[in-house]
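> When you get a sec, could you build the whole thing from the sequences and use the hints?
So the protein lines, in turn, are chains R and P. Quick note on numbering: the first sequence equals residues 1 to 436 in this note's numbering. Quick note on numbering: the second sequence equals residues 1 to 441 in this note's numbering.
Hints listed in this document are in silico derivations from the structure and should not be mistaken for laboratory results. This structure is a prediction, so every number in the text was calculated from the model and none was measured. Using N, Cα and C, we set each Cβ at its ideal position, and we do this for glycine too. Incorrect hints may appear among the rest.
Claimed, not checked - Heads up, simulated BS3-like pairs for lysine-lysine below, C-alpha to C-alpha not over 30 Å straight-line:
1. P:K106 / P:K198
2. P:K154 / R:K383
3. P:K41 / R:K42
4. R:K400 / P:K230
5. R:K238 / R:K338
6. R:K383 / P:K118
7. R:K383 / R:K431
8. P:K127 / P:K59
9. P:K198 / P:K127
10. R:K383 / P:K41
11. P:K198 / P:K230
12. R:K279 / R:K231
13. R:K383 / P:K127
14. P:K176 / P:K41
15. R:K42 / R:K383
16. R:K383 / P:K106
17. R:K239 / P:K127
18. P:K84 / P:K127
19. P:K84 / R:K383
20. P:K59 / P:K154
To be verified - Ranges between beta-carbon positions, derived for each pair:
21. R:A41 / P:W389: 37 to 45 Å
22. P:S162 / R:I40: 28 to 36 Å
23. P:E129 / R:G103: 30 to 38 Å
24. R:A196 / P:E236: 41 to 49 Å
25. R:R101 / P:T116: 38 to 46 Å
26. P:E135 / R:A41: 53 to 61 Å
27. P:A387 / R:A95: 31 to 39 Å
28. P:S196 / R:G232: 28 to 36 Å
29. P:W389 / R:N104: 54 to 62 Å
30. R:S324 / P:E129: 46 to 54 Å
31. R:S324 / P:T116: 30 to 38 Å
32. R:A41 / P:E334: 27 to 35 Å
33. R:T235 / P:E129: 34 to 42 Å
34. P:D143 / R:I40: 31 to 39 Å
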Amino acid sequence: MDGSIVENPVSALVDDRMDEGMFRVDRSVYTDEDIFEQEIAKIFEKSWIFLCHENQVEKHGDYFWTEIGRQPVFVHRQDDGSLKCFINACSHRAAILTPFRQGNAKTLTCRFHGWSYKCDGACIGIKNEEPDTDKSTFDLREIARLDSYGGFVFGSLSADVPSLDDWLGEAKSWIDLMVVQSTEGLEVVPGSPIYAIDGNWKFQAENSVDGYHVSTVHRVFANTIAAREGKGEYTGIKKTEAGRMAGGVPTGSYDLGNGHMAVWAQHTTPEVRPIWEQKERLERDLTPAQVDWILNKGRNLYIFPNVMLMDNPSTQIRVMKPISASRMDVSVYCIAPKGESDTARAGRLRKFEDFYLTAGMATSDDLAALEDTQEGSLATGAKWNEFTRGMDSIIYGPDKEAAALGFNPPVCTENWDHEIHYHGFYRQWLKMLEEN
Amino acid sequence: MDGMVPPNGAGDLIDDRPEDHVFRVDRQIYLDHDLFESELKNIFEADWIFLCHESQVKKPGDYFAAHIGRQPVFVHRQEDGGLKGFLNACSHRGAILTPLQHGNAKTITCRFHGWTYKCDGACIRIKDEGTGYGEDFDRSTYDLTEIGGIASYKGFVFGSLSADVDTLENFLGESKAFIDFVADQSSEGLEVLPGSQKYVIAGNWKMSTENAVDGYHTSTVHRIFASTVKQREAREGYEGMMKTETGRLAKKTVRNGCYDLGQGHMVIWAERDPLSTSPLSEAEDRLEQDYPTGKVNWMLRRGRNLIIFPSLMINDFAATQIRTFRPISADETEVTIYCLAPSEESREARYARLRKFEDFFMASGMATSDDVMALEATHDGSRGRVARWGEFHRGQGTLMHGPDDVAEEGGFNPETSNSSWDHETLYYSFYRRWRDQVSGS
Chain R
1 MDGSIVENPV SALVDDRMDE GMFRVDRSVY TDEDIFEQEI AKIFEKSWIF LCHENQVEKH
61 GDYFWTEIGR QPVFVHRQDD GSLKCFINAC SHRAAILTPF RQGNAKTLTC RFHGWSYKCD
121 GACIGIKNEE PDTDKSTFDL REIARLDSYG GFVFGSLSAD VPSLDDWLGE AKSWIDLMVV
181 QSTEGLEVVP GSPIYAIDGN WKFQAENSVD GYHVSTVHRV FANTIAAREG KGEYTGIKKT
241 EAGRMAGGVP TGSYDLGNGH MAVWAQHTTP EVRPIWEQKE RLERDLTPAQ VDWILNKGRN
301 LYIFPNVMLM DNPSTQIRVM KPISASRMDV SVYCIAPKGE SDTARAGRLR KFEDFYLTAG
361 MATSDDLAAL EDTQEGSLAT GAKWNEFTRG MDSIIYGPDK EAAALGFNPP VCTENWDHEI
421 HYHGFYRQWL KMLEEN
Chain P
1 MDGMVPPNGA GDLIDDRPED HVFRVDRQIY LDHDLFESEL KNIFEADWIF LCHESQVKKP
61 GDYFAAHIGR QPVFVHRQED GGLKGFLNAC SHRGAILTPL QHGNAKTITC RFHGWTYKCD
121 GACIRIKDEG TGYGEDFDRS TYDLTEIGGI ASYKGFVFGS LSADVDTLEN FLGESKAFID
181 FVADQSSEGL EVLPGSQKYV IAGNWKMSTE NAVDGYHTST VHRIFASTVK QREAREGYEG
241 MMKTETGRLA KKTVRNGCYD LGQGHMVIWA ERDPLSTSPL SEAEDRLEQD YPTGKVNWML
301 RRGRNLIIFP SLMINDFAAT QIRTFRPISA DETEVTIYCL APSEESREAR YARLRKFEDF
361 FMASGMATSD DVMALEATHD GSRGRVARWG EFHRGQGTLM HGPDDVAEEG GFNPETSNSS
421 WDHETLYYSF YRRWRDQVSG S
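Structure, rendered in structure tokens:
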């Protein structure tokens, strides 16, 4: 593109001709820095962005520092139990206020010139304050919107967004499938790696709901696990659920609207899953469809634009932070039902480490694939990324699995290899970039 | 400037007034990111760029990954012995296809979603093709994209993204004679020796190009190299080929010179002293038999650094070397170096050649590291915008149009000759071509 946005409007980047069986995206959407700047301004700073889980800010004074697009913000638990979120910049010289990524502080004192702020953002201390200073002029800047759903906290820099409920839409029933796994609530297990990928954030968004790469990229993982378990040291919950990597199990993909997407695959050995120990309770408390979805179907959910909730080999929140067109940071958190047995927790953590960490055996292969894709996208002579696989078997409206659970995706396919669910993502992306 | 190419294009950046004895370039050409984009588009992606040497892709299935500007490409040796060049991006999601920098694969399978391509670029397998595309699905739509042109001259393979380019021979022009001086050293062909080094310089690619044919810095920057090897050789008693040829490093003891070969190609040279240190000296009789003495003088008795526009260096001085400069950004250049040698040379000569290569050229060597420092210092200094101009007028008093006596002996016809490799007149056609191409003319 070379900065020539004017000659080449964003609408030309998404070639959406369903009547002719064509949907493709210009690869410069992954490499062009001007497009990236527009994404920051028109997507990340204009929509609901996942910030943290309530469990990470449980007690009065707990704070959690994250970003909305490139802007640093922090969530702070108030005296009355509610949450507020502020721009993470001292009113004096803009230094980051939170000393750690997360911690507890009923007042925050800036480490640069010592100004202090109460939990509610009020400026309460100015070092060597001049007489007649109106400290309230220097109160912290609150972000425009903050809300949470099922414990998942979202914020928006823009006030002009729909309600969080409306925004999450059909993704809510997928969030519910995580939330109802515990009667005591979910907890984010301490310890989380952050890693950088030399790749565009949309590659990570795509990859999180790309079933088609599993049998290629994660064959190495599957072989390694099979060899390890062949030695007979792993039994029961310690075994890895490997059916989806071998292929041949029922799978599917959903365009959930608003750019949200999901894929699922049937488990062949659900009894190795940490949640299996709660089967009886789940059957007592939930509908048969919910139980089936929780126990028997591995699920990856992507919520536009920056968060993924995964319940496949392990349960995970994955958050993306875009840095530039060719770089992002990714944070991964293991999330688990409070009160599960030690055996289940150990099984869950080992599975989390095996697959998802950069030191794990699958994520590292994903990173190589994403970085290869970033680099290859510089070959502008091969311009288009097609998303046409599955074009011959689109289902409009819910399929039988969706109907059973009671959610209503605009588009489904009965194969997670298919690429139709990306259409909604790129239409949402284009719609937001085209808005002023 | 800061993001602003002057209204009349790059013309204002090259102050080219030979009648006033002025030739200077605005230092902004090393820094400006818009100019850099224009260089990629109008130079690197619009003309022939060196990709590899044929010995690196000898057998059917051998591939070699390279870049044309910022675009990843690879060269693939075909079953019929021909070469093809492709964009290095899977037709499905654009992932780089070649698993390694170079290797052998008659078919290449993408590691992301498992699509497979034959040597000739044909898409021959799509994972689970039967479960996702309609009846009228045509796999050939997903064949790899070939680059606009690929050609080789005496084993040096060049590619172009654009099909709208001159023939490679016309592009190379007078530089062909200097490729011959290297390529003809072997009756069996040259080979690129295994092992190569890549390093990144925090400096603009044009400074690396300049440096490659800058004789003037040698006695300053490489004085350390010269005194180090001198001490080493006195202490350890190196003999014959193992000695370092240092005549050119000691100022003004050997004849030297420079040529503007036209079309942006340029060369510097110096007499070898002593000749016995050259690994090629063992082939003196064979060369005298096969070639006229005038050509042997150039092949054997003079060291040469050649730049082929815009970013290939072929070097036959301390050792024989291919060096490429890959522009990453206005402020960053990736350099790759390969040692090149005649296939038939003796073990003794090969050994000496490699040691000389390591001594001088590698990032871990004793001379390149000093060059890198000088180039980074120059890049940094160019930010001093008030001192706007880099002058290139040294040697204007002795500038000679056309060939001098030794050029005639070698049978090539430079645009200008000059009597010292310290001189800077060889850069003129380089910057004139740069100016014209960057402006899009």
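> Taking the hints in turn, state whether each one holds.
Do the hints match the structure? See the list:
1. P:K106 / P:K198: holds, 27 Å
2. P:K154 / R:K383: Not OK: K154 of chain P and K383 of chain R at ~33 Å, beyond 30 Å, violated.
3. P:K41 / R:K42: Within the cut-off at roughly 29 Å; holds.
4. R:K400 / P:K230: violated, 83 Å
5. R:K238 / R:K338: Roughly 20 Å between the alpha carbons, so the hint for K238 of chain R and K338 of chain R holds.
6. R:K383 / P:K118: Since the Cα atoms of K383 of chain R and K118 of chain P sit roughly 21 Å apart, the hinted pair holds (cutoff 30 Å).
7. R:K383 / R:K431: Answer holds: K383 of chain R to K431 of chain R is near 21 Å, not above 30 Å.
8. P:K127 / P:K59: holds, 28 Å
9. P:K198 / P:K127: The given pair, whose Cα atoms are some 35 Å apart, is violated under the 30 Å limit.
10. R:K383 / P:K41: holds, 16 Å
11. P:K198 / P:K230: Distance of about 28 Å is within 30 Å: holds.
12. R:K279 / R:K231: holds, 29 Å
13. R:K383 / P:K127: Within the cut-off at roughly 21 Å; holds.
14. P:K176 / P:K41: holds, 26 Å
15. R:K42 / R:K383: holds, 24 Å
16. R:K383 / P:K106: holds, 25 Å
17. R:K239 / P:K127: Since the Cα atoms of K239 of chain R and K127 of chain P sit roughly 28 Å apart, the hinted pair holds (cutoff 30 Å).
18. P:K84 / P:K127: holds, 25 Å
19. P:K84 / R:K383: This hinted pair holds, its Cα atoms lying about 20 Å apart.
20. P:K59 / P:K154: Satisfied, since the Cα-Cα distance of roughly 17 Å is no more than 30 Å.
21. R:A41 / P:W389: 37 to 45 Å: With a Cβ separation near 39 Å, A41 of chain R and W389 of chain P satisfy 37 to 45 Å, so the hint holds.
22. P:S162 / R:I40: 28 to 36 Å: Taking Cβ atoms as reference, S162 of chain P and I40 of chain R lie about 34 Å apart, which means the hint holds.
23. P:E129 / R:G103: 30 to 38 Å: violated, 53 Å
24. R:A196 / P:E236: 41 to 49 Å: Roughly 47 Å apart at Cβ, these two residues keep to the hinted range, so it holds.
25. R:R101 / P:T116: 38 to 46 Å: Holds: the Cβ-Cβ distance is about 44 Å, inside 38 to 46 Å.
26. P:E135 / R:A41: 53 to 61 Å: violated, 44 Å
27. P:A387 / R:A95: 31 to 39 Å: This hint holds: roughly 36 Å between Cβ atoms.
28. P:S196 / R:G232: 28 to 36 Å: Since the Cβ atoms of S196 of chain P and G232 of chain R sit about 46 Å apart, the hinted range of 28 to 36 Å is violated.
29. P:W389 / R:N104: 54 to 62 Å: With a Cβ separation near 60 Å, W389 of chain P and N104 of chain R satisfy 54 to 62 Å, so the hint holds.
30. R:S324 / P:E129: 46 to 54 Å: violated, 36 Å
31. R:S324 / P:T116: 30 to 38 Å: holds, 33 Å
32. R:A41 / P:E334: 27 to 35 Å: Given range 27 to 35 Å: holds, Cβ gap about 32 Å.
33. R:T235 / P:E129: 34 to 42 Å: With Cβ atoms ~39 Å apart, the hint holds.
34. P:D143 / R:I40: 31 to 39 Å: holds, 37 Å
When held up to the earlier numbered hints, the structure conflicts with 2, 4, 9, 23, 26, 28, 30 and fits the remainder.
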